[in-house]
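Colleague: Spelled out, the chains give:
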Amino acid sequence: MMHVKLTAHTLVYYAFAITMLIFTVLLSHTAFFTTANLLNILMQTSPIVVMAIGLSFALSVGHIDLSIGAIVAICGLVAAMLLQSYGITIAVVVSLLLGGLIGALNGYLCERLGIPSLIVTLGMLGFLTGFSRQLSGLQSIPIIDPQFISLFGQGTVIGIPSQILWLAGLVFLAHTILNKLRFGRHLFAVGASKPAAHSMGLVVSRIRVCAMALSGGFAALAGLLYAGRMQSARYAIGESDLMALIAAVALGGCSLLGGRVNIIGVLLGVWLIGCINNGLILSGFSSNEQMMVKGIILIAAVIVTSKVNK
Amino acid sequence: MKRSALDQIVLKVSGLQKNFDGVDVLNGVSFSINRGEVVALLGDNGAGKSTLVNCLAGRIQPNKGTIEINEQALLLNSPSASQQAGLAIVHQELALVNELSVIENLFLNREILHANKILRFFGWLDKNAMAKKAQKLLQRLGTYLPDLNAPVATLSGGQKQVVAIIRAVHAGADIIVMDEPTSALGAEQYGFLMSLIRLLSSQGIAIMLISHNLHQVSTLCDRAVVLFQGYSVADVALKEVSQTQLLAYMNGTVLEVPQAS
Ligand SMILES: Nc1ncnc2c1ncn2[C@@H]1O[C@H](COP(=O)(O)OP(=O)(O)O)[C@@H](O)[C@H]1O
Ligand SMILES: [Mg+2]
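From first to last, the protein sequence lines stand for chains A and B.
First residue of the first sequence: 1, per UniProt numbering; consecutive thereafter.
First residue of the second sequence: 1, per UniProt numbering; consecutive thereafter.
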């Protein structure tokens, strides 16, 4: 491997390599390094990657989006309900639009009222969580539409699981937006310095609202992927992913204060946390203990990234 | 440069007034700047220089008065309106995005897009074209920067200013307003900036230089506009006044408050 300088953006490569080395020793007696298990991790983490991409857009402009998990849940539910009577096209389109609109509303409220996104999206999280519970009556809504299931769930295209195709496609899309398109450059500029971006004529508020809308849109897609994989939608889906999500983007080298985002880093960040989680399960840790570990990783990731950034 | 070209007015400010919460900060400022002219804007702290610059930049709107750029009266209600009109501000602090590279800063909001129509529609960047154009611009101004892909944060104060100035030239500015450009510069960088200003002027770009340094102003500028308590109290050719006289204008000891007619 080439010589890679240790920065916030390359940290995740080291962390990933070291974790894998440690796991090779510690988990050699378990099923960790089997194709089936690794593929399982890949499938399990794919909606989380999509959520993390959404969060990356929010972070790039200096926002945070705590409502992502709740958008996942409501959009999954809405899709499942619409599937029952209106078919796949309406279900998917409405669900994605809803996610984008909720995100845009988050962004609009931040700009309009001058409240930090932390508060706006926390409020949205509360509202949507309650709303999802009310809407579903705490019941899960089954999905039987075979087209939907094969598109977002267990299906394959030319032998490749569709979840993996979504993952690859969306990572590519996000990477392209952020690195190849003018819009991505404007996102970074706004995130790095609002006054400078404004003085260069960028419409900062519009760009920030768009970033939040993208965050909501990606969350909705994650909701569809969850629903497809589980062949049902539940109000609680996405609820418990928030900590892993933030830990992953921090590990991936995103500054929680805005600026350049590295999607490949975010991808590895999510996988790293997925692997650690999986390793903990295989080693017999309880789900309570897994949560404690995730909490520690989150704090450690932020500490380490802020140290190497200096 | 031909006389006729030099006489062309690029910036004309007439009767500019601004008050903040009932306090008059600008009390009817008027002056004009010709093509390629280097004009100093002088004034003590609190005289209203930054407020005037903010009006020119489109960051705030005056309560009264007009701003004409290239003989067109404009409503400067946003930084982009001001930029589009041909006026660029090189600020001490705000100008650049430190985390972005030199090239990214140079082309921020003026990106060169891919020639392909479809890619263009999506705002696909033509990074090669921008790199080439950046080199050209640097050459045109006789400057050199070691790494155009380095984040601006890694540059020195003088280099940052060069980037901001090149950006303004690239944006097609006819007049560049420099707010205290030399205050943070070493001797060598200072000298370079001076020659850069002369070069820009010879290429027909007018410069408005805000400075505290009278010596620098008198060696570099053709003319000075002096603000005192929000009034433009003097508009003088620097050949015709001494530094002592300039100081007197700045301190308000020679007060020629224009009477409203
Ligand atoms: N946004 C503002 N609100 C209220 N007063 C202001 C504002 N900006 C500037 N002032 C006042 O206007 C006066 C002129 O300030 P300024 O234009 O910054 O002067 P200078 O740049 O010449 O030092 C000062 O008395 C300052 O306190
Ligand atoms: Mg000032």
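The reader is advised that the hints may include incorrect statements.
[To be verified] Stretch-level coverage of chain B by chain A, calculated; a stretch enters the list once three of its residues show a Cβ under 8 Å from a Cβ in chain A:
#, stretch
1, 75 to 82
2, 100 to 113
3, 122 to 131
[Unchecked claim] Restraint-style ranges between C-beta atoms, simulated for each label pair:
#, chain 1, residue 1, chain 2, residue 2, range
4, B, 75, A, 236, 52 to 60 Å
5, A, 93, B, 115, 53 to 61 Å
6, B, 190, A, 114, 37 to 45 Å
Just so you know, these hints were derived from the structure itself, not from any lab.
Note that the structure is a prediction, hence the values are computed from the model and not measured.
Each residue gets a CB set at the ideal place from its N, CA and C atoms; glycine is no exception.
Colleague: None of the hints should be skipped; say for each whether it holds.
Modeller: Against the structure, the hints:
With 3 residues having a beta carbon nearer than 8 Å to a beta carbon of chain A, the stretch 75 to 82 of chain B meets the requirement of three or more and the stated coverage holds. A count of 6 residues in the stretch 100 to 113 of chain B with a Cβ less than 8 Å from any Cβ of chain A is obtained; the coverage claim is therefore met, three being the minimum. Taking a C-beta to C-beta cut-off of 8 Å, the stretch 122 to 131 of chain B contributes 4 residues in contact with chain A, enough for the three needed, and the coverage statement holds. The beta-carbon spacing between residue 75 (chain B) and residue 236 (chain A), approximately 53 Å, falls within the hinted interval of 52 to 60 Å.
Our hint of 53 to 61 Å for residue 93 (chain A) and residue 115 (chain B) is violated, since their Cβ atoms are close to 33 Å apart. Taking 37 to 45 Å as the suggested C-beta distance range, the pair residue 190 (chain B) and residue 114 (chain A) conforms, at roughly 40 Å.
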